[in-house]
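Protein chains: 2
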Amino acid sequence: MSQWKQIQQLEMRLLEHVDYLYDDNFPMDIRQVLASWIESQDWETAVNDDTVAVVLFTNLLSQLEKVRIQEQNFLQKHNMKIIQQQLQLKYSTNPTVMARVISTCLREERRILSSACTQEQGPLERSIQN
Amino acid sequence: MSQWKQIQQLEMRLLEHVDYLYDDNFPMDIRQVLASWIESQDWETAVNDDTVAVVLFTNLLSQLEKVRIQEQNFLQKHNMKIIQQQLQLKYSTNPTVMARVISTCLREERRILSSACTQEQGPLERSIQN
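So the sequence lines, in the order shown, correspond to chains A and B.
Residue numbers for the first sequence follow our numbering, so the first one is 1 and each next one is one higher.
Residue numbers for the second sequence follow our numbering, so the first one is 1 and each next one is one higher.
One chain only, chain A, in its complex shape (with noise of 0.2 Å):
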């Protein structure tokens, strides 16, 4: 089951916290639509490499347009089309930042559920532990 997907059965609390990791920065659209392709992509190395940021910026807009080509609904294939602008706009002339972005929402997603697991351990399990 891939992250996101995970993400989603989580309690309405704890999907607020996830509620605020996105924005027009990292439009939460593109995780859902992306959100396999997305966690297979090495974000955490194109933060410190400006050759993988460009790559995966130029690949990432390929995604989309794939996505956007695909689309039937109206709305949805206008809103693709939004935020691919939006991201050319924002970056490309600095794709090191979408990837910090990027990288820094799954890190984020990733801390939101291990805390979930923890929090469903009752204190037995988690004294067994420690």
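No lab work stands behind these hints, which were simulated from the structure alone.
Incorrect hints may appear among the rest.
In silico EDC-like cross-links for lysine to aspartate or glutamate, where the CA-CA straight-line distance does not exceed 16 Å [what the hints assert, rightly or not]:
1) A/K77 - B/E71
2) A/K77 - A/E65
3) B/K81 - A/D24
4) A/K81 - B/E108
5) A/K5 - B/D24
6) A/K77 - B/E108
7) B/K5 - B/E71
8) B/K66 - B/D50
9) A/K81 - A/E71
10) A/K81 - B/E71
11) B/K81 - B/D29
12) A/K90 - B/E71
13) A/K5 - B/E11
14) B/K81 - B/D24
15) B/K77 - A/E71
16) A/K81 - B/E44
Since chain A is already given, all that's left is putting chain B on it; use the hints.
Structure of chain B alone, referenced to chain A:
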């Protein structure tokens, strides 16, 4: 049938004109979720009347808040929140600008629908009308 429903039945060539009407100034998500409400308000008057513009702006935000609260889908709920924040930032101090944007969009939609009707009529019908 709402104007927005008629719009969505247009052929792709004309839908592309509609696509260009919408951006961050008036996100298409709002047009979709509040289609009938938007069409029943007097945006033309609000363009030249600050008091009416403030009322319509406040009511639009209330309508969006209702939609956001009722929405069960995490992504859609998040997007509603982002749109509410964008509108607050953009129009809270100049709601007449929002009224002008919405008024223009609705008028342009009617123009596109009207041109579609004209194109559907054959040369004979058009010559009878003229």
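Hint check:
Distance hint between A/K77 and B/E71 is unfulfilled; the C-alpha atoms sit about 21 Å from each other, more than 16 Å. Among the hinted pairs, A/K77 with A/E65 is consistent with the structure: their alpha-carbon atoms are about 10 Å apart, no more than 16 Å. Distance check on the hinted pair: B/K81 and A/D24 sit about 12 Å apart at the alpha-carbon level, within 16 Å; holds. Between A/K81 and B/E108 the CA atoms are separated by roughly 20 Å; this puts the pair beyond 16 Å, and the hint is violated.
A hinted pair counts as satisfied when its Cα atoms are at most 16 Å apart, and A/K5 with B/D24 does not qualify at roughly 28 Å. Between the alpha carbons of A/K77 and B/E108 the distance comes to roughly 20 Å, so the proposed pair goes past 16 Å and is violated. Distance restraint check for B/K5 and B/E71: the Cα-Cα separation of roughly 21 Å exceeds the 16 Å cut-off, and the hinted pair is therefore not satisfied. For the given pair, B/K66 sits about 24 Å from B/D50 by alpha-carbon distance, which is inconsistent with the 16 Å threshold.
A C-alpha spacing of about 11 Å is found between A/K81 and A/E71, which places the hinted pair at or below 16 Å, so the restraint holds. Of the supplied pair hints, the one linking A/K81 and B/E71 is violated, its CA atoms being roughly 24 Å apart against a limit of 16 Å. Only pairs whose Cα atoms come within 16 Å are accepted, and B/K81 paired with B/D29 is accepted, the gap being roughly 12 Å. At roughly 30 Å between alpha-carbon atoms, A/K90 and B/E71 are farther apart than 16 Å, so this suggested pair is violated.
As the CA atoms of A/K5 and B/E11 are separated by approximately 35 Å, the hinted pair breaks the 16 Å bound. Proposed proximity of B/K81 and B/D24 is supported: the alpha carbons are some 14 Å apart, at most 16 Å. Between B/K77 and A/E71, the direct Cα distance comes to roughly 21 Å. Violation of the 16 Å bound is thereby established for this hinted pair. This hinted pair does not check out: A/K81 and B/E44 have alpha carbons roughly 29 Å apart, beyond 16 Å.
Of the numbered hints given earlier, the model fails hints 1, 4, 5, 6, 7, 8, 10, 12, 13, 15 and 16; all others are met.
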